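With this note's numbering, the residue at position 80 of the sequence shown is 80, and numbering never jumps.
No lab work stands behind these hints: they were computed from the structure.
If you're wondering where the values come from, they're calculated on a predicted model, not measured in any experiment.
Mixed in with the good hints, there may be bad ones.
[To be verified] The following label-pair restraints were derived from C-beta to C-beta distances:
1) G107 / A54: 17 to 23 Å
2) A16 / Q75: 22 to 28 Å
3) S270 / A16: 28 to 34 Å
[Said to hold, decoys possible] In silico lysine-lysine, DSSO-like type, Cα no more than 27 Å apart, as pairs:
4) K58 / K2
5) K141 / K103
6) K214 / K166
Glycine included, every Cβ here is placed at the ideal spot set by N, Cα and C.
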Amino acid sequence: MKAAPEPLGVLRGHGAPVNSVGFLSASTVVSGAGDGAVKIWDLRSRRELASNPAAHSKAGVLHSTALRGSAASEQKFVTQGRDGYVKLWDAQSLSPSAQPMAKFYCGSYSFTKFATLRWPGDEDAAENANFIVCPSSIDNKLLVYDIRADSSSPASTLTVPDAASKRGMCVSLSLFNSSVVHSENGTGGNVQTYIAAGFEGGQLAIMDLRSGGKVACETTVAQGANALLAFDVTRDGRSAICGSSGEELYAANFDVAAYTLSSRSFFSCSHGGFSSVY
1 MKAAPEPLGV
11 LRGHGAPVNS
21 VGFLSASTVV
31 SGAGDGAVKI
41 WDLRSRRELA
51 SNPAAHSKAG
61 VLHSTALRGS
71 AASEQKFVTQ
81 GRDGYVKLWD
91 AQSLSPSAQP
101 MAKFYCGSYS
111 FTKFATLRWP
121 GDEDAAENAN
131 FIVCPSSIDN
141 KLLVYDIRAD
151 SSSPASTLTV
161 PDAASKRGMC
171 VSLSLFNSSV
181 VHSENGTGGN
191 VQTYIAAGFE
201 GGQLAIMDLR
211 SGGKVACETT
221 VAQGANALLA
231 FDVTRDGRSA
241 ICGSSGEELY
251 AANFDVAAYT
261 LSSRSFFSCS
271 HGGFSSVY
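Make the full structure from the sequences, and use the hints.
Shown next as structure tokens:
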């Protein structure tokens, strides 16, 4: 059995457990800790570039990531705290006294993380790069905020309709573009934006953002009453890897034109549970 590899470097400076790390660029990362502090690091020098010790409350930071697809991708990033707020920051001006560019109250105090557009591409997709999809305080409702609009209220509130099988709480989210497959050659055609929501009962629902969150297709991915905790979609938006609270990783494939969604288990581990997939 091979020994675990040594780290290339260690970033030291947080005064509480680190809950989240996300890339801002190839050489900078943003991190959030259990005391509400947010820091930006330079991977080349392995030093802290900037920090805000009170970006969120002492309840801690749950999630932090770059706002992909913005005009200057290194300039903006988003954090989510266990204080119920999602905040937009300017990376260039982050300091102990800095205020967020915008803050959105989603009212969620669970571990469900917000989602921004996964694979921003052409100009048509750039519009949706301004959206942040957030969990809410109500199990079957999702909030979509537009960073260009008034942050006091969501641009839209999506209600996930009841299903025959009880879904439970939404525990994972993804915002992505999917291209409709064109005939025999399999090339991509019209691109639309969708929200994927994973649920406590193991279901995965794909919702059409353009139609107000209507469920385009749905299936139960994780078996054995395991929650679907993690989801990451491929660049073409037609397949994804899903992680559950159980020991399985699943591959999901969907055809938004035919409204079909299928999944299969392809990997099993012994440690029990996948909290994120990238």
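How the hints compare with the structure:
no.: 1; hint: G107 / A54: 17 to 23 Å; verdict: 21 Å, holds
no.: 2; hint: A16 / Q75: 22 to 28 Å; verdict: 27 Å, holds
no.: 3; hint: S270 / A16: 28 to 34 Å; verdict: 30 Å, holds
no.: 4; hint: K58 / K2; verdict: 40 Å, violated
no.: 5; hint: K141 / K103; verdict: 19 Å, holds
no.: 6; hint: K214 / K166; verdict: 18 Å, holds
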